[in-house]
Amino acid sequence: MIQVEGLEQRYGGEVVLCVPRWQIAAGEQWLVLGPSGCGKSTLLHVLAGLQRPSAGMVSVFGKDLIATPQAQIDHWRGANVGIVLQALHLVAHLSVRGNLRLAQYLARAPQDDAAVGRALEALGVADKAGRRPAELSQGERQRVAIARAVVNGPKLLLADEPTASLDDASADAAIGLLFAQAQRSGATLVVATHDARVKRHFDKRLDLSP
Amino acid sequence: MNLATLSASYLRARPLQTGLGVLLLALGVGTIVGALLVVSQLESRMGRDARGIDLVVGAKGSPMQLILSGIYQLDAPTGNIPLASAQTLAKNPLVKKAMPLALGDAWRGFRIVGAGREYLEHYGAELAAGRHYGKSMEAVLGADVARRTGARVGSRFVGAHGVAGEGEEHTESPYTVVGVLAPTGSVLDRLVLTPIESVWDVHHHEEKEHQAGHEGREKAEDEDREVTVLLVQYASPLAAATLPRAINSKSELQAASPAFEMARLFRIVGTGLEALRAFAAVLILAAGLSVFIALYTELEERRYDLAVMRTLGASPARLFGLLFFEGLLLALLGALGGVLLGHVVAAGLGVWLAAAEQPAVSGLAFRVEEVWIVAAALAVGAVAALLPAWRAYRTDVSRTLAQG
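As they're listed, the protein sequences go chains A and B.
If you're matching positions, the first sequence starts at 0 in numbering that gives the first Met the number 0 and goes up one per residue.
If you're matching positions, the second sequence starts at 0 in numbering that gives the first Met the number 0 and goes up one per residue.
Rather than coming from a laboratory, the hints here were simulated on the basis of the structure.
Because the structure is a prediction, the values reported are computed rather than measured.
Heads up, the beta-carbon is just placed ideally off N, CA and C, and yes, glycines get one too.
Take these hints with a grain of salt, some might be off.
[To be verified] Partial chain A-side listing against chain B, Cβ under 8 Å, derived:
1. MET0
2. GLN50
3. SER53
4. ILE65
5. ALA78
6. HIS88
7. VAL90
8. TYR104
9. GLN110
10. SER164
11. LEU165
12. ASP167
13. ALA168
Here chain A stands alone, though its shape is the one from the complex:
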């Protein structure tokens, strides 16, 4: 269960994000919708505990992200939150397998090759385990990024503009993968996008359009 109350994020006096009230039940799939610059990414960062809001209350699965010390939140995020970024940001000099191990190491999770193998298998990129990100296609890289986000079995899966710069078919496939992976690990899914094509996949939406 995720609860947001009176959330406000200001940059230099300007309010960039305002969410008066938002509740997500465990296992739901949500779409955060709005044009660029409406604070979608900021909202995801707040939910992940990467950024503290200027005001308001945020509780994610019982974790008070406002009151908890940052170091504890970092640890909690590693174990409980998977994040897929628009630019993917795979670590270039590590192999696909290395990128997933990095996620396990940084989350202080057991470094379990079987879990790495399962995550890659589930996303159909098990045969790319030894490759560097640069050797993969864009679609394969996105699958690896999703695998990295789910390898620790997160309770909350966040995706920031996962379909930007993808054609229709790829965009559908990406959303399908996120649904499947969220379901597989029983995770709550929150996708932030300005991409109208994605709308029809979600019945729960938070519209941040001004």
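Here the structure of chain A is known, so what remains is to put chain B in place on it, guided by the hints.
Chain B only, in chain A's frame:
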């Protein structure tokens, strides 16, 4: 994966910068370690050779030359002194022990030294084979001489004129090897030892040939006998105050103190060493700068990696640790490489010195100071990594990710 492998993976990802940092550091550390090893070994070896010898008396000339030729058998002798003067001096009550040496010839680059048994005993020499020499033209070989020439008890050889053996050979007067010494770690290892009479006989023989027909020459020879140096041990510390001055002022003799001359020599060498150390310190600082620049410029490219690591659960402190450890790892590689390099340099110099029949230097000896040098190199790496690590600590995830 752990901190070490993750740091190492980043070092491997930019081999040029890593290589440059490691190379500069290794050169700096290697220079210091190499100089330390060589100088300390030469110092201790020279100290051992000069132990128990308070004064070297020989012909007038450079006192440094007298010490180098008389004790270390390195430089050319300053000349000869009459045996009678040496004997008079030896009877002085301030003199406890006086060891006359006669130089002049060499065999295959090893000096032939005419000396009494007390010279061998002074260095605690023990026979590895054969017996001590008894009469003229018998020779005992130092351990290095026997090893490098392959000569054994019973071998015969002829000396060549000059301490480097560059002159004509004394083919008329062959030596017979009667003994081989066990290694002493002293100057004896590099010497061919023989009774003083051998040296006299060889040159007497030659002179007789050259001056054939001159009647009565032989008797005069006996009275004109000469030695090259006299190694003196004082009977009391009082001797240091009076004896050298007495010798230097009154006669054709010259007295030089090994302690004083060696201190002078190492002061001269020390200036060069200081310059070398300063140069090495500059190298190490340059290495620190290259580590800093490598890490700092890399930050720009790495900011997404760092931000992603935060999303994967890394705290700012762990990002600091990652960068800091990278600097430290680089410094460790450079320092260990430098220690290895220093020992290789010392070993190489040892091989070269051994080939030139000089005192040996080993690359396998270790000095406790090396630990401090490694620690200093690590400190340089740590300091160089501080600012980049701090920048990593301060990574603003949201802003960084918003940019890409």
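Results of checking the hints against the structure:
For A/MET0, the interface hint is violated, the least distance from its beta-carbon to any beta-carbon of chain B being 22 Å, above 8 Å. A least Cβ separation of about 5 Å between A/GLN50 and chain B falls short of the 8 Å threshold, and the interface hint therefore holds. Annotation: interface hint on A/SER53 violated; nearest CB of chain B at approximately 13 Å, more than 8 Å. The interface hint given for A/ILE65 is broken, as the beta carbon of that residue sits about 16 Å from the closest beta carbon of chain B, more than 8 Å.
With a least beta-carbon distance of about 7 Å to chain B, the hint placing A/ALA78 at the interface is held under the 8 Å criterion. Satisfaction of the interface hint for A/HIS88 is found here, the shortest Cβ-Cβ separation to chain B being roughly 4 Å, below the 8 Å cut-off. Contact between A/VAL90 and chain B, as hinted, is supported at the beta carbon level, the nearest pair being about 5 Å apart and thus within 8 Å. For the restraint placing A/TYR104 at the interface with chain B, the shortest Cβ-Cβ distance is roughly 4 Å, inside the 8 Å limit, so the hint holds.
For A/GLN110, the suggested interface contact is upheld, since its CB lies about 6 Å from the closest CB of chain B, less than 8 Å. Nearest Cβ of chain B to the Cβ of A/SER164: about 13 Å, over the 8 Å cut. The hint is violated. For A/LEU165, the interface hint is violated, since its Cβ never comes within 8 Å of a Cβ in chain B; the closest pair sits about 17 Å apart. For A/ASP167, the interface hint is violated, the least distance from its beta-carbon to any beta-carbon of chain B being 24 Å, above 8 Å.
At about 25 Å, the closest approach between the beta carbon of A/ALA168 and any beta carbon in chain B exceeds 8 Å, and the interface hint on this residue is violated.
In this structure, the hints that do not hold are numbers 1, 3, 4, 10, 11, 12 and 13, in rising order.
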